[in-house]
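2 protein chains.
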Amino acid sequence: MSDQMQRITLASRPNGAPVAENFSLQTSALPVPGPDEVLVKLHYMSLDPYMRGRMDDAKSYAAPVAIGGTMEAGAVGEVIASNSPAFQPGDFAFGLFGWASHGCLPANQLQKLNPDHGPITAALGVLGMPGLTGWYGLNEYGKPKAGETLVVAAATGPVGSMVGQLAKRAGLRTIGIAGGAEKCALAVDTFGFDACLDHRAFADASALRAELATACPNGIDIYFENVAGKVLEAVIPLMNPHGRIPVCGMISWYGGAQGADATLTAPMIWRNILVKFLSVKGFIIMNHFDRYPDFQKEVGPLVANGDIRFLEDIAEGLENAPAAFMAMLKGGNMGKQIVKLV
Amino acid sequence: MSDQMQRITLASRPNGAPVAENFSLQTSALPVPGPDEVLVKLHYMSLDPYMRGRMDDAKSYAAPVAIGGTMEAGAVGEVIASNSPAFQPGDFAFGLFGWASHGCLPANQLQKLNPDHGPITAALGVLGMPGLTGWYGLNEYGKPKAGETLVVAAATGPVGSMVGQLAKRAGLRTIGIAGGAEKCALAVDTFGFDACLDHRAFADASALRAELATACPNGIDIYFENVAGKVLEAVIPLMNPHGRIPVCGMISWYGGAQGADATLTAPMIWRNILVKFLSVKGFIIMNHFDRYPDFQKEVGPLVANGDIRFLEDIAEGLENAPAAFMAMLKGGNMGKQIVKLV
Numbered sequence: 082m083s084d085q086m087q088r089i090t091l092a093s094r095p096n097g098a099p100v101a102e103n104f105s106l107q108t109s110a111l112p113v114p115g116p117d118e119v120l121v122k123l124h125y126m127s128l129d130p131y132m133r134g135r136m137d138d139a140k141s142y143a144a145p146v147a148i149g150g151t152m153e154a155g156a157v158g159e160v161i162a163s164n165s166p167a168f169q170p171g172d173f174a175f176g177l178f179g180w181a182s183h184g185c186l187p188a189n190q191l192q193k194l195n196p197d198h199g200p201i202t203a204a205l206g207v208l209g210m211p212g213l214t215g216w217y218g219l220n221e222y223g224k225p226k227a228g229e230t231l232v233v234a235a236a237t238g239p240v241g242s243m244v245g246q247l248a249k250r251a252g253l254r255t256i257g258i259a260g261g262a263e264k265c266a267l268a269v270d271t272f273g274f275d276a277c278l279d280h281r282a283f284a285d286a287s288a289l290r291a292e293l294a295t296a297c298p299n300g301i302d303i304y305f306e307n308v309a310g311k312v313l314e315a316v317i318p319l320m321n322p323h324g325r326i327p328v329c330g331m332i333s334w335y336g337g338a339q340g341a342d343a344t345l346t347a348p349m350i351w352r353n354i355l356v357k358f359l360s361v362k363g364f365i366i367m368n369h370f371d372r373y374p375d376f377q378k379e380v381g382p383l384v385a386n387g388d389i390r391f392l393e394d395i396a397e398g399l400e401n402a403p404a405a406f407m408a409m410l411k412g413g414n415m416g417k418q419i420v421k422l423v
Numbered sequence: 082m083s084d085q086m087q088r089i090t091l092a093s094r095p096n097g098a099p100v101a102e103n104f105s106l107q108t109s110a111l112p113v114p115g116p117d118e119v120l121v122k123l124h125y126m127s128l129d130p131y132m133r134g135r136m137d138d139a140k141s142y143a144a145p146v147a148i149g150g151t152m153e154a155g156a157v158g159e160v161i162a163s164n165s166p167a168f169q170p171g172d173f174a175f176g177l178f179g180w181a182s183h184g185c186l187p188a189n190q191l192q193k194l195n196p197d198h199g200p201i202t203a204a205l206g207v208l209g210m211p212g213l214t215g216w217y218g219l220n221e222y223g224k225p226k227a228g229e230t231l232v233v234a235a236a237t238g239p240v241g242s243m244v245g246q247l248a249k250r251a252g253l254r255t256i257g258i259a260g261g262a263e264k265c266a267l268a269v270d271t272f273g274f275d276a277c278l279d280h281r282a283f284a285d286a287s288a289l290r291a292e293l294a295t296a297c298p299n300g301i302d303i304y305f306e307n308v309a310g311k312v313l314e315a316v317i318p319l320m321n322p323h324g325r326i327p328v329c330g331m332i333s334w335y336g337g338a339q340g341a342d343a344t345l346t347a348p349m350i351w352r353n354i355l356v357k358f359l360s361v362k363g364f365i366i367m368n369h370f371d372r373y374p375d376f377q378k379e380v381g382p383l384v385a386n387g388d389i390r391f392l393e394d395i396a397e398g399l400e401n402a403p404a405a406f407m408a409m410l411k412g413g414n415m416g417k418q419i420v421k422l423v
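Same order as they appear, the protein sequences are chains C and B.
Using this note's numbering, the first residue of the first sequence is number 82, and each one after it goes up by one.
Using this note's numbering, the first residue of the second sequence is number 82, and each one after it goes up by one.
No lab work stands behind these hints: they were computed from the structure.
Treat the numbers as computed from the prediction; the structure is a model and nothing was measured.
It is possible that some hints are incorrect.
Any copy will do: because identical chains look the same in the list, a pair fits if it lies in one copy or spans two.
Calculated lysine to any residue pairs in the SDA-like style (CA-CA distance at most 25 angstroms, straight line) [said to hold, decoys possible]: (1) 226 to 408; (2) 411 to 346; (3) 411 to 101; (4) 224 to 388; (5) 226 to 365; (6) 226 to 358; (7) 140 to 287; (8) 226 to 187; (9) 224 to 356.
Just chain C, same shape as in the assembly:
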């Protein structure tokens, strides 16, 4: 085996949308695992919108990636050396290894995977953090009730598609929002949404809202928030009394661009919260990993038997991760974005 590894570091902080120059491909010596550590040759890594936030030097729930530091990511791969009795070479594991060809972590930070239970990429999406995010946020904060109406954007992404499918199973009317006719067809045909609106087809939030009002004749009870921006502006006046808004992301605002959303004001948000008695709850899934076993027990079998479907968009090669990431932030992916590393 080679004694070298590649990783992608943060070369500079983006100003708005990331550009290629913000990333740097570095080669370094393969680490030697210390006591209780495990060295893994990575096969697949995950690309997720939250990584955009880590590129900014802003106070958040997690420290930003340092300039010169390895970009963060969850990844899966094969153990090639282990100083822990819990892992043997040939085992497969998931961990927060970063954008890299190899990774070395303490055994207690890894999760062993069984490749017989399905593709190991599922640990990055439908049965990983995005799936858990959708399941936890919907149930814990969305509190779905049969007969209600749910709206979620990025409807064909790994969070939105999980939310939509679980809500449908719970007896809700599910309305997706996605970018482009192809994704909208996918949302309805593959993920069972009752309808899906193409946000690109509407000039502004008012136009999108008018169509949403038609698609949601009884109003909106749950808006699962992962995009903010124009979609939030369209949705919030349509919320029903006692509505719930779990907030797990705001991809359209990560770049800091706000010009297009200037008509969505703070008073408009606050007034709707007050007069509709809304519950708005921010969360990140890393605070709730203790619920992973419950999630796996409930959703794992549904994925295995095909009742919960998922879609992956796989880019090839670590060196192409920045381009795939930049495209994903603009909605260029079709399903969960993954990078194949070997």
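Starting from the known structure of chain C, arrange chain B on it as the hints suggest.
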């Protein structure tokens, strides 16, 4: 007794802050109570910020007051005629009679008062809707824990002073915000706040925030929202992870003026909700009157023995209600605003 009554109606809808011309004093015949109805000669009526919202023709939790309709208010007075066995002339009662000298309502919409249990004005403030609002919002959505820090504005008003005193009793650090040095002294000396900041002493939200940060060395866990605007802008970046924001009002935005708050953007609110895992919950107390007996049981004795203190600002005469209301919206009152009618 006179066979006439006075009431104040909505003559026109305000554009921003209400003006005298929006109100009209009308004289009409005293109503004759129908079956099961009770006629009450009103002694005191309440003025509350929510009434500003009722003057707008905007979709809200309650229908707006119609042009020519009587302004809404809770009021207390003495029964002068009754077609219900539940009330006798001479009894005292609370009801939503409106801005008027007399009122006639079905007996089941009235609450009998016992004047031996303290001043009947308490039913309009500390033991009425404002007190219940503070008690319910703090406990149900604020979820106070000893050692935490709470911030509330309008700290000497009937909601803010209830919230501050209950939070202090629960072991929290309590920081009030009020308009003017006199109110700030009152907040500390009478209502036991650990500190109270005069929002008028700060040119903008940044300056207020800097002082708040000093007063809240461990950050803010609960922001009880009743004013919005500059205070919200100052507070929200200081919220701690897992913070709670019960929202019962936004007095600074009722007039629609937003220029001074232009730096408080929708993304700033949404981002803080996400990265601090905040819980934001709008509510109005009329949805929770079922909790009134619990409130009365817990807080009634505390008011009776002086552990919970309250302050009333009493204007004289129905004809002066509009002026008192307009002044209250600008913070001109000192304590719960009431109008004495007889």
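Exercise for the section: Against the earlier hints, flag every one the structure doesn't satisfy and list their numbers going up. Expected result: 1, 8
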